[in-house]
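As a plain string of letters, each chain reads:
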Amino acid sequence: MRHDIIIAGVGGQGILTIARVLSLAAMAKGLHVKQAEVHGMSQRGGAVYSHLRISDREIFSDLIPAGQADMILAIEPLEALRYVSMLREDGTVVASTNAEVNIPDYPAIERVLAHIADFGSHIAIDMEKLARAAGGVLSANIVALGAASLYLGFTIHELQAAVEQLFEAKGEKIVQTNIRALRFGRTAASAYREALERGVHAQHARGWIATLSPEHLAAEDLDFAELDVAVDESRLTGAEAHAFESLLRTAYDEDRRQLYEHEVYRLIELVGAITPPRHAFIAKSSTISEEVLNAYPGDKVVIKLVSTAVVHKSEAGAVQIVPKDLDRVRAEIERMIGRHAPKGPVAGVLVVEFVEHAHGLGSELFVGIRATREFGPVIAAGLGGVQTEYLASKMRPGVAVAKAVAWDIDAEGFLELFKSTAAYDILSGRVRGHDRVVSDGELLRCFRAFISIARQFCVDRGEEGPDINELEVNPFAFVNQHLVPLDGRGSLRPAAKPRPARPEDAAKHLLEPERIALVGVSAKPGSFGRVILGDIIESGFAANRITIIKPDEADFEGIRCVPTLGDLPDPVDLLVITVPAKATPEIIREANASGKVRSGIIISGGAGEAEGSEAIGEEIAAAILEGRTMANGGAAFLGPNCMGVRSRPGRYDTFFVPEDKLPMRRGGEPQPIALVSQSGAFIVSRLSSRTDLDPRFAISIGNQCDLTVSDMVRAVGLRDDISVVGVYLEGFIDLDGADMLNVVAELRGQGKSVVFYKAGRTESGRSAAAGHTAAVAGDYDICQTAMSLAGAFVAQDFREFGEALELAVHLTGRTVGEGRVFALTNAGMEAVAMADSGVRLDAPSQALHCELDTLLTTHGLRGLVSARNPLDLTPAAGEAAYDELVRAALDSDEVDAVIVSCVPLAPSLHSLAADLDHSSSFVQLAAKWRAHSDKAIVTVFDGGPEYDALRAGIRVAGLPVFRSADDAARLLHRWIEQMA
Amino acid sequence: MNAELLLGDEAVAWGAIDSGIGGAFSYAGTPATEILETIQIVAPHIWSKWSANEKVAYEEALGMSYAGKRALVSMKHVGLNVAADPFMSSALTGAVGGIVLAVGDDPGMHSSQNEQDSRVLAEFAKIPVFEPCNQQECYDMTRTAFAFSEQYGLPVMIRLVTRLAHSRSQVHLRPDEDRNRSRTRLPLPDPNDWALVPVNARRRYRRLLGLQGDLIAESERSPYNQLTIRGRRGIICAGIAWNYVREALGPDPEDSLLRIGQYPLPVGLIRQIVDHCDEIIVVEDGYPVIEQHLTGMLGVPGKSIRGRLDGTLPADGELLPEIVARALGMAVDLPIHADAIVAGRPPQYCKGCPHANSMNALIDATSGYEQPLLFSDIGCYALGIMPPYRSVHSAVDMGASIGMAHGASRAGAFPVLCTIGDSTFAHSGMTPLLGAVLNDANITVLILDNSTTAMTGAQDSMASGEQLMELVRGLGVKHLQLIEPLPKNHEANVAAIKEAIAHEGLSVIVARRPCIQIKPRKLAAKLPQVEA
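The listed protein sequences correspond, in order, to chains W and E.
Numbering of the first sequence is given in the working numbering, commencing with residue 1 and proceeding in unit increments.
Numbering of the second sequence is given in the working numbering, commencing with residue 981 and proceeding in unit increments.
Hints were generated in silico from the structure; no laboratory data involved.
Among the clues, some could well be false.
Residues of chain W clear of chain E, computed beta-carbon distances all greater than 10 Å [claimed, not checked]:
no. : residue
1   : L78
2   : R82
3   : P107
4   : A218
5   : L247
6   : R278
7   : V322
8   : S363
9   : K497
10  : T564
11  : H849
12  : L905
13  : P907
14  : S908
15  : D934
16  : G944
Every beta carbon over 10 Å from chain W, so not counted as near; a handful from chain E, in silico [to be verified]:
no. : residue
17  : E1103
18  : L1166
19  : Q1252
20  : E1446
21  : V1457
On the chain E side, residues computed to face chain W include the following (Cβ under 7 Å) [to be verified]:
no. : residue
22  : H1152
23  : L1207
24  : E1227
25  : P1301
Since the model is a prediction, treat every value here as computed from it, not as a measurement.
Beta carbons: idealized from backbone N, C-alpha and C, even for Gly.
Let the hints inform the model, and build the full structure from the sequences given.
And the structure:
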């Protein structure tokens, strides 16, 4: 028996312990042992190894002769490859997949692992993860030993005895952890070997091992029936994530939050996304050696400053192209450092290979990811170079830059999105004078890497390690259809943390409460509490289901009072809080302690939104969070600074607007609309100016201290009696944007619509120091794009918001198909305006043309009117002509939507209030058209107040009405573009 | 089978313990550090504190020998240069209690500034050497060496190389009555033998010369010098090279073999193999000491003597089994090629190391000058030579930095700085600093006080903390500042160094923050403790 093993790792990984355990086990069997170790200088983070020789005969050399080792056992994958020339031909490699990236030129980790997998006899497993499962990451070395034991002729019991012997002095816990580590390593290795024997690809086998639970690993026999390996290609492999983490940690531990250019290269190279040009970092106290310089291809090199202080290098004079001459390069290095050192921290320079590539618009690509507070990880890509921001600001959204929330898109999806940009048109050679410079496959590979990184590192990682704030390459140049990065930057910063989930049904109770309690009602006339109490009662909420929290009184204007929340006879679904802000935290605590409150509305203002009141806001948040730790999760609260909630189904209203200022609608069926708004004023002004919209719910969400906009949109949106949700928002709380996207997609899936308006275009976050990604995919931009991608209609202004709600209600249950619109009008100027709107107005086919022509003849319009789209009927057309032509359009299979526009001043029309009952008035026709077809029908009646009754009547008949044809056509166009 | 798994260093320590030493003396240095450490851990009753430097260690051992007890002194090869003065003289004084010098040579320079061969120095001093080839011999030879030392009244050297010092194997220990020697003292010598005034020294030197014949005779019959005459090709190997030769030749070698483990060289045995063979290959780790003796200047007529001198083996570097096999004409098959994607991984500062912060401060404080000179010394801070720092420009020998800085400043260089660790300062930095004080050298000395001897594994330092400050003040330094090398103090530290540079004349900055690696040594924790 003879085993010659090279044990390898990085200083500090405990390779000598492996050797000790094996030596003890060998000695117990009476075998000879020799074990050469490395001590001294190389222990410090450098490569370390030990030669272990075990034999039943005398061993001479302490070192294993090259080419004769039976095994390389490495706790680090690159270290395994370092010694392969020591191995005999059929030798075994047992290696951890956990890279220790403490050197500047660490290769792509999956490439390293692929080289290991080339060995017929090999094991490559995530030893750190297995050690963690066993009880401690420090036991990765014993995991390695367990894995190696498959090949070493020792029983698990012999090794276990040696482990016990070695760790005995450290206590039972450490002994047990290491015994588990030994077993886990052995089980994982045999599972890995089994998987490979079954023909599973090494990378997939690793992925599968990573899914094994400690129970699996502790089992004597694994059930290989479960060896169904599904690999998520959109995620980094475990090895890649580990290597990435290791590098980030290095920068983080240096107390640095900016990543240097070469570190960005290393990161993306580690995950195999790209191959950067040759580069070397030269620290500022040193210079480049002749040998290093000579290794560069070409006759010039680029010298770039490495400094956390300089963001845009070319503008700062921190990039210089220099002939590849040692003296000149050295002089330029010195000059550049000397020039910049007095202005800020300078780490050194990067000497980069000069890459010959095309210049000018469209010859460079930008790709970046960042952690946004509202949506989490975001990816953006577009035209690169110094013009990136300029183009992004000057071009229509989505044209210069494609951007998306990385959670919601995969590389293929993002490539599709990218294909709609001008960047892709140019890069793929679709623009005259441009050849294709990059393949789709190359772009896909790049996007996949960035998206995977974003998903795993642009998020809150808690104790796991530093989070990436931003990571970008701008620009990539193109050489032989490949992406070559020419500059990169990155930064680390804690990402937004998700908050504990709100109790699930709380918002439902809030929308339609059985019982309401109020706190803060005073006898003072006009006080908030008192106005609200009146509003609730007048809205029809039964007085006997209302309780007021008021000490010392049993009754307030006929409503029952109890002294405290604890005294409530029955639990309440809703507590309306109108006490001053500073008293609010106490009420919240009392509510949670009583266990009798399901939800609450905090009307109280002055809690966080104004300077100086942040402390109270924080205290309120803290009080609410305390409830989350209770068994029932505590109560959920809307607000503070909530202006109110109007719930028609719940028969209550807490908007404290006097009746004469905003009359309550109590009768009649409300529209299936819910308004959710961060601004109370936005709601009341909408309610006042668009009384026709009459929403079933209007919810002011206030500061979103607890219940968020996405909570409320979900709660109202999922109700059967709601088909359209309108949202006005100034900002999401942390990561609520991402939740909102899910809600929107869910509602969209149910055939419902979300109309969204985001205020706050100018962001404070856009400082000059921010990177390209933040500049082109800032919070506002990403919000617009992501909401639209998720399926919301993003309104540009308040008027469009109202119009879109109206359209959305009409379109519920209707389709816009391919967006082919047929437009009719009786005014030439409207025809022109609609044609200009961009909406798709296909010319009628021969068949439709004939049909229209026939109808025009019937109505005596032949000669006056030609059968075109838009169809200009002239003022001579009467309602009957309209009726037949509209029906013809609705019946045509080449039309998806119809715009019926009419200047109502023509004498023959029954357009005044008194004539609306006439059987041919548009009001009557509208109802018929609506019933006739499930295509979208939009009407326009451009006229003064005399025609308000006409418009109102048509709305009642169920069609949307616009005041001007261009608005209608534009909105329909935008709707189709966004929603189809 | 009662065997312990011991490093070569540990086996030497056990050999000394079982020989009944009264004390062990050393200054830490790779690869010899673990010798004293083992004694500290397993035999705490034996005096085994670190000495200020190797010269002091040697003198302390010599004093113990004079007083009649056995003493072990251990150091790395370049440490013996520091101790050369007492070492050379001790060959003349001789030993009363046995005195054994264990030296760790470092062929291949794993952790050293040269690969000098201590056998040369032993020959220079004309004392006997034992050179073990395995861990068992490390133990056995140490036992023998103490007896030999007392028998001949001479210090005896044990020569180790890194590979053996830092390799483990089973060792059978033989604790016996020798251990009790530590309880009694041998009679004191005649002071005239130890007072090396010329008249005595001449007499003692003649005695040493007179002993050489006896020593050679001992070598001729030593079990460690074994001759097997077989074929016409002869192989002479020393120490650890024996293993590589045996490994290469297999169980039934056809060659004649002479294995050398004890010096001075056994002339008779060597003559026998040379007479028998036409071709001699000399295999030795380190310098070609035996080969040089054989070939002299002109070679042996009619014989082919091969080894490091003729290129059969590389002239420098550590021997490896495959190198020896190739030299012996065996085919060395390397079926798997080195992988080209493997990148180098040089040693680097530990995360959070105070030296990294000191280096950064040093870089920023001197970046404004055209050509600052930064002399460094031996210790972890010498890693500042490597990327990404490349901040220091020399590392020569223990304590060199201050003297070199002074010398450079006298050549007109400015600014001149030097970095020296607390332990190195205690080792041999105080005397050059005293010189710099008295001559008001215009240099800035940074003493990097991490309160330990970090590079060799955190041994106690002789001068750190307040004691170091007192020492520096006591030497007469007036311009003295204390800084704490932490990232948050970077700006202040840069300013302090700049201010020290601006000061005309000598300035000293002590950068104090403990090494993050300091922890109790557990090297031999599993070994049985020796009772007092």
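- [ ] Could you tell me which of the hints above the structure violates, numbers in ascending order?
- [x] Violated hints: 1, 2, 3, 22, 23; rest satisfied.
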